[in-house]
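There are 6 protein chains.
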Amino acid sequence: MKTLKFGIPKGSLQKATISLFEKSGWKINVNGRSYFPDINDEEIECAICRAQEMSRYVENGTIDAGLTGLDWIEENKSDVEIVDDLVYSKVSQEPARWVLAVPADSNIKRLEDLQGKKISTELVNFTKHYFKERNIDVDVEFSWGATEAKVVSGLADAIVEVTETGSTIKAHGLKIIYELMQTNTQLIANKESYKDPWKKTKIGQIILLLKGALRAENMVGLKMNVPQDKTEEVIKILPSLNAPTMASLHNSDWVSVETVVDAKVVRDLIPTLISVGAEGIIEYPLNKVI
Amino acid sequence: MKTLKFGIPKGSLQKATISLFEKSGWKINVNGRSYFPDINDEEIECAICRAQEMSRYVENGTIDAGLTGLDWIEENKSDVEIVDDLVYSKVSQEPARWVLAVPADSNIKRLEDLQGKKISTELVNFTKHYFKERNIDVDVEFSWGATEAKVVSGLADAIVEVTETGSTIKAHGLKIIYELMQTNTQLIANKESYKDPWKKTKIGQIILLLKGALRAENMVGLKMNVPQDKTEEVIKILPSLNAPTMASLHNSDWVSVETVVDAKVVRDLIPTLISVGAEGIIEYPLNKVI
Amino acid sequence: MKTLKFGIPKGSLQKATISLFEKSGWKINVNGRSYFPDINDEEIECAICRAQEMSRYVENGTIDAGLTGLDWIEENKSDVEIVDDLVYSKVSQEPARWVLAVPADSNIKRLEDLQGKKISTELVNFTKHYFKERNIDVDVEFSWGATEAKVVSGLADAIVEVTETGSTIKAHGLKIIYELMQTNTQLIANKESYKDPWKKTKIGQIILLLKGALRAENMVGLKMNVPQDKTEEVIKILPSLNAPTMASLHNSDWVSVETVVDAKVVRDLIPTLISVGAEGIIEYPLNKVI
Amino acid sequence: MKTLKFGIPKGSLQKATISLFEKSGWKINVNGRSYFPDINDEEIECAICRAQEMSRYVENGTIDAGLTGLDWIEENKSDVEIVDDLVYSKVSQEPARWVLAVPADSNIKRLEDLQGKKISTELVNFTKHYFKERNIDVDVEFSWGATEAKVVSGLADAIVEVTETGSTIKAHGLKIIYELMQTNTQLIANKESYKDPWKKTKIGQIILLLKGALRAENMVGLKMNVPQDKTEEVIKILPSLNAPTMASLHNSDWVSVETVVDAKVVRDLIPTLISVGAEGIIEYPLNKVI
Amino acid sequence: MKTLKFGIPKGSLQKATISLFEKSGWKINVNGRSYFPDINDEEIECAICRAQEMSRYVENGTIDAGLTGLDWIEENKSDVEIVDDLVYSKVSQEPARWVLAVPADSNIKRLEDLQGKKISTELVNFTKHYFKERNIDVDVEFSWGATEAKVVSGLADAIVEVTETGSTIKAHGLKIIYELMQTNTQLIANKESYKDPWKKTKIGQIILLLKGALRAENMVGLKMNVPQDKTEEVIKILPSLNAPTMASLHNSDWVSVETVVDAKVVRDLIPTLISVGAEGIIEYPLNKVI
Amino acid sequence: MKTLKFGIPKGSLQKATISLFEKSGWKINVNGRSYFPDINDEEIECAICRAQEMSRYVENGTIDAGLTGLDWIEENKSDVEIVDDLVYSKVSQEPARWVLAVPADSNIKRLEDLQGKKISTELVNFTKHYFKERNIDVDVEFSWGATEAKVVSGLADAIVEVTETGSTIKAHGLKIIYELMQTNTQLIANKESYKDPWKKTKIGQIILLLKGALRAENMVGLKMNVPQDKTEEVIKILPSLNAPTMASLHNSDWVSVETVVDAKVVRDLIPTLISVGAEGIIEYPLNKVI
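Residue numbers (the working numbering), protein chains in the order written: chain L, 212 to 501; chain Y, 212 to 501; chain U, 212 to 501; chain S, 212 to 501; chain F, 212 to 501; chain G, 212 to 501.
Read the hints as simulated data drawn from the structure, not as lab findings. Mixed in with the good hints there might be a few duds.
Where chains are identical, the list cannot tell them apart; a pair therefore holds if satisfied intra-copy or between any two copies.
[What the hints assert, rightly or not] 30 Å max Cα-Cα, derived DSSO-like pairs, lysine-lysine: (1) LYS422 - LYS238; (2) LYS381 - LYS411; (3) LYS328 - LYS221; (4) LYS475 - LYS422; (5) LYS328 - LYS238; (6) LYS343 - LYS213; (7) LYS226 - LYS329.
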């Protein structure tokens with residue numbers, strides 16, 4: 212039997228990823244401290260790896276495919292197939308981005324001002340490369356986290372750090388002067404594995420269902436009763452991609468209209484629907500939207 | 212941009228209220244100890260206030276609208292617009308009510324017997340007013356909770372206390388001899404704010420969706436297959452407000468009947484539906500019922 | 212008013228059973244350490260009993276009906292009505308079974324080799340009877356759990372123990388040489404009670420809804436849009452028991468097809484449906500499938 | 212190297228026992244679900260067993276010695292050496308005792324009234340023997356806990372149950388009519404093991420230190436300064452077993468008096484000491500009192 | 212038998228008080244939600260009351276004595292005997308004090324500027340009285356906590372609030388302009404009770420031991436070996452109230468010096484002692500220092 | 212006022228270090244996520260840094276002194292003053308050591324066999340240097356933890372990893388073939404700072420008290436009564452560094468002997484002391500042993 216070796220990112224994304232797989236139809240059971248959790252699909256073998264190292268494992272074929280951030284693919288300069296982009300739901304609305312920050316009162320205002328300076332970051336290779344391409348000579352040093360403190364303590368003149376809202380950076384008395392990269396979770400595959408038709412199909416199935424489950428987190432089913440002569444008007448208001456489903460009501464000249472909409476618009480949509488004549492509106496939850 | 216300032220009651224109702232808003236379509240994010248939580252609607256500003264003080268804030272216009280109990284509106288004699296009544300789901304079925312209680316072996320049997328006596332309560336103004344209206348002269352003293360203990364210890368002859376089931380009162384050796392008021396959560400508005408058409412419409416949207424989410428907690432969707440000739444019989448049994456939705460089954464003279472019913476009746480309804488000929492009955496959860 | 216006395220098994224099954232009743236439409240409220248929890252149905256009185264003793268209570272009429280394992284019915288040789296079999300969802304896929312285990316290096320290979328030996332078990336009567344029927348003379352002794360340790364310490368030559376995967380038995384250096392019984396949760400009734408038409412009907416209602424809620428845990432609703440001319444092909448693929456519901460889409464020659472399927476097949480079904488031409492596929496959760 | 216196999220009782224006593232051993236000078240490290248915890252003494256091997264079965268393991272030599280209750284030694288009729296009695300500190304002051312209880316309104320008033328009746332208990336053998344000795348013919352049935360409910364439900368006429376304060380028995384509507392046995396934790400040894408001088412000495416060391424640590428939980432060190440001429444008076448008041456230690460104070464005609472007393476008497480002792488002239492009284496905690 | 216009724220303050224002080232009593236020699240056992248916890252002294256009956264109401268209970272004789280803050284004694288204008296002052300150990304070093312605070316940018320700078328203004332506080336009576344004495348006419352309104360928000364929202368011009376470090380007040384954009392009172396935990400007694408010699412003695416015993424246990428939290432025993440000829444020098448350095456205890460060392464011309472010192476000075480004291488010639492210094496914990 | 216900047220290691224050692232400082236006489240209060248916790252000594256400023264980076268901060272003078280492992284000092288090749296070695300109490304008795312491990316079935320048996328191979332480690336610089344010194348050409352790659360998995364997955368031929376018992380390494384199917392370094396917590400200082408007499412004295416005070424508190428964790432006070440004529444014999448048995456303290460007993464020819472011993476020997480010492488004639492032995496806990 213063929214199997215696909217799939218990498219789950221360790222740490223902050225691990226729980227969210229396992230929960231997303233469960234919504235997609237796969238139960239992953241992490242037994243204690245093992246790096247190889249069980250999954251209820253004989254065609255998949257799971258492995259847990261740090262997001263920072265995932266693309267190295269995918270590149271050398273230890274695993275066929277996996278989830279990691281664009282940032283660490285770049286940092287490792289890994290030669291892998293980027294199959295798709297997954298937008299996890301997050302607390303903030305901002306994308307994660309790697310930025311250059313300096314003390315709030317620093318004279319450093321542009322990339323060029325860093326000539327000859329020291330930069331502290333977890334993303335050493337990417338940062339070196341970024342400045343080299345721009346012919347700016349900088350000294351990049353590896354930081355084990357708490358990177359903001361490096362500037363405060365004089366170990367560095369600037370930092371390259373990941374942030375969503377910028378609030379931690381600000382709280383340490385620093386200001387962002389430049390954005391180097393936006394990053395997001397990617398599903399990546401080993402290039403050889405991706406040429407194998409069976410593996411490509413299996414990866415396609417995983418992507419299809421992961422994205423269906425992610426989409427369902429932000430969508431709901433909506434169903435309402437509408438007088439026959441108001442149908443056109445109601446349907447024009449509905450922001451659904453597909454045409455709504457129509458059914459009749461028992462012994463009545465009303466019809467039932469059912470569709471799927473973005474959960475965020477419901478609170479504004481319902482008052483409008485009522486004003487046009489809809490009644491008996493119900494909203495129900497969805498597991499998957501493909 | 213116009214905004215509506217809305218008050219969330221602190222304490223026991225806070226968590227239930229925030230969860231109800233989430234079901235209604237608004238995420239409220241309480242950041243630590245701040246009184247001003249974030250909400251994902253640019254048209255609303257939230258504030259957290261004690262239920263006891265909410266109507267004072269609404270009356271003086273600090274906030275435009277808010278949720279509080281009828282009891283504290285009365286206690287503060289606040290001149291506010293009572294917009295609607297919200298029945299939260301509770302553990303017990305009994306309404307919350309403010310009652311007069313005395314020692315189980317007391318001679319005090321009616322309101323009149325309290326002439327010249329001492330009453331301990333959190334609801335001082337309301338209680339004073341209540342007895343004054345009835346020309347009974349009593350001495351009402353403020354209690355910081357644990358009001359039942361005031362009678363036991365001789366600090367008071369009777370208490371006016373809120374209760375659902377009466378069990379705490381009974382457990383302290385007291386008996387209820389009179390009910391002064393039933394109370395429930397109210398959505399109230401500042402009178403000036405409520406004259407502003409934009410604010411009135413916004414308040415209307417909040418009420419509509421809060422009540423839709425509350426209703427959905429106790430209702431479910433029900434769908435079943437019915438032989439064509441039993442349709443009338445089945446529909447007669449269904450306790451739904453609106454006419455049910457009818458659809459055909461593939462290559463069959465059965466029809467699909469779908470409706471929304473009170474969750475409590477389902478366990479008795481299903482055996483009856485089966486006895487009349489329904490099959491393939493499914494029940495599904497609802498987020499909102501408007 | 213008539214009432215049915217119903218037994219809830221204590222311990223590991225208690226939480227699962229109460230949660231199953233809630234999904235079925237009954238709220239059971241366990242107040243502290245009382246053996247008689249509240250239930251929101253005036254026709255039922257609940258009692259909590261150990262699964263090991265349930266059938267003795269049902270047999271002597273202390274309770275009319277209850278849930279327990281087949282193993283303990285056999286152990287108690289209780290003369291009760293076995294009404295139905297309930298398959299709770301479990302971590303493993305294996306059935307629970309009572310097996311005979313001996314040290315991995317033992318010479319005991321068959322039941323007959325136990326002649327004159329000592330067996331330790333929690334299921335004393337059943338084990339005695341099982342060997343007596345086969346004319347094998349053994350000494351069966353009661354064990355308070357940790358039965359595997361009895362063989363290691365020389366207190367017994369073999370054990371009869373319950374297991375799903377066999378891993379605990381293996382971890383103690385033992386091997387399974389024989390399976391005596393498979394067991395599962397049963398709904399049992401007192402024989403007299405079951406002759407009472409009212410009680411029999413009430414028990415039937417409970418069974419119907421418990422099984423409907425259990426079934427819904429593993430099933431989902433599936434709805435999709437299909438081009439008119441692909442309908443037959445799509446329906447042939449759908450593994451649903453009942454004919455799917457058909458409805459029209461607004462101003463379109465596509466149709467809506469809706470059905471209920473096993474949750475486990477969805478991850479493989481969706482790619483197939485797409486390949487045949489289905490679109491706008493949504494999956495939604497179910498509370499009950501009758 | 213010789214080793215002593217020592218049994219730690221599982222369940223409610225386990226934590227208290229391990230903590231007592233730690234105070235006595237031995238660290239026991241329970242690793243997960245193993246029955247054989249580590250101990251930092253190469254001369255001891257630990258095993259965890261249920262208190263109910265401990266004496267059977269000690270009798271058959273699986274372990275050399277262990278801690279269990281007198282009740283279970285009697286129940287198992289185990290032929291073991293009872294080395295010493297350990298009084299653990301408990302919430303209540305009452306000893307644990309096995310009592311006979313019947314419904315509060317029962318006609319059963321004496322042991323003799325149970326002739327021909329059914330008794331439910333966890334202590335089957337002991338109870339059978341107890342009534343046989345008194346020539347009372349009873350039917351004793353094993354109960355899996357919740358024994359009080361057996362009488363309420365008609366499965367038994369009386370129970371034999373363990374209790375400290377009697378409150379659980381009373382709460383089930385039963386009354387105690389007879390006390391069969393008082394029980395306490397015992398250190399027991401296998402008879403052969405106890406004849407081995409090395410093992411006897413090792414058991415003696417364990418007993419000595421366990422009792423020293425238990426005693427220290429209820430005792431404290433007390434030290435005070437006393438004018439030379441009040442020494443005799445102060446010493447007469449001190450309830451210490453051993454003569455107090457005397458030392459001089461620097462450049463003074465006061466002396467320092469130091470002793471060990473029961474912690475419970477300190478609150479009454481200190482005011483008395485002050486009244487006689489003691490000053491600078493300090494109390495300090497003890498780890499062991501041998 | 213005579214008993215003393217003693218009040219334990221509810222809420223934030225409750226746990227600290229019960230723990231202090233335990234160190235003093237009394238175990239208080241709070242059973243669930245009862246206001247009357249058990250205590251292992253037949254001469255005391257405990258009651259739990261809110262600190263805000265304690266002095267009213269003491270004044271009317273419901274309880275003989277209790278612990279509460281000076282602030283609430285003043286607020287209730289209770290006529291009680293203040294027996295002693297207890298300094299609990301706290302996180303901050305600052306005393307708790309009731310202060311007057313106004314918006315940071317307010318024109319109000321002195322008490323007099325509040326003439327005709329509105330003040331929000333939990334300490335209504337005390338505040339009214341304080342301003343009346345100074346002939347300043349203010350409107351004082353009761354606040355249910357979150358008092359700082361009253362100014363921000365326009366419900367008040369100033370607040371009177373309790374604080375240790377002032378940080379909460381500052382965090383709400385207010386500034387402290389005046390301190391009205393410092394407060395601390397007091398042991399108070401009913402005046403009649405305090406005239407009863409038995410009760411006075413019992414209260415004296417409680418005070419003596421509570422203060423002894425409080426003192427011991429900040430003190431330690433210190434013992435060291437000193438060459439005979441350095442004794443005077445060492446003793447001069449020791450900051451002990453009482454003369455140290457002297458003992459000889461075995462076969463040596465060194466002496467042992469032992470005393471009790473403030474825990475805070477130890478880290479500076481030890482290097483000094485070493486420099487003068489002390490050796491073998493040990494520090495040990497204390498339970499009580501009387 | 213002069214201050215000493217002192218670094219507390221973040222992560223697993225942080226809690227143990229703060230607790231050790233508290234026993235030594237300094238309270239460190241970590242406020243949320245700040246890197247600069249409060250300490251109750253105006254002469255010290257604390258900073259929290261990762262152990263991996265501590266020596267870089269000390270070397271460049273950001274902090275004057277701090278605690279870190281010998282391994283990370285070597286890794287960073289930091290030019291700092293190593294002031295003292297601190298042995299924290301640990302679960303295992305083994306020292307932490309960095310070892311070279313390969314698959315259990317590997318042909319690699321000695322350092323030399325790694326010629327041309329790939330090594331994965333967190334300690335990149337140290338490992339490179341170690342092999343270079345021995346003229347073995349290896350490719351050393353940085354690992355973000357879970358280093359054992361690097362070999363299993365083929366990313367490396369060997370790992371250099373820290374371990375106490377070797378059990379994690381073994382559990383991943385690897386074997387240890389060489390030990391490169393033993394490591395322990397060091398107190399290090401900046402070389403310039405250590406030349407400043409005030410700072411050197413302050414560092415000396417910290418070391419003195421930290422080591423005093425560490426020592427006290429494993430030592431206890433022991434006191435006993437001995438007949439005058441057995442004194443010499445008892446004292447010979449006592450394993451104390453300093454001569455014991457002698458005092459007389461009241462009206463008796465016994466003496467009191469008091470000393471400090473290693474907690475581990477007590478369980479064997481007490482039976483011996485009794486056999487020689489000692490009585491009334493008590494053991495008491497210590498806070499510091501200098």
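message: Of all the hints numbered above, which does this structure not satisfy? Sort the numbers upward.
response: 2, 5, 6, 7
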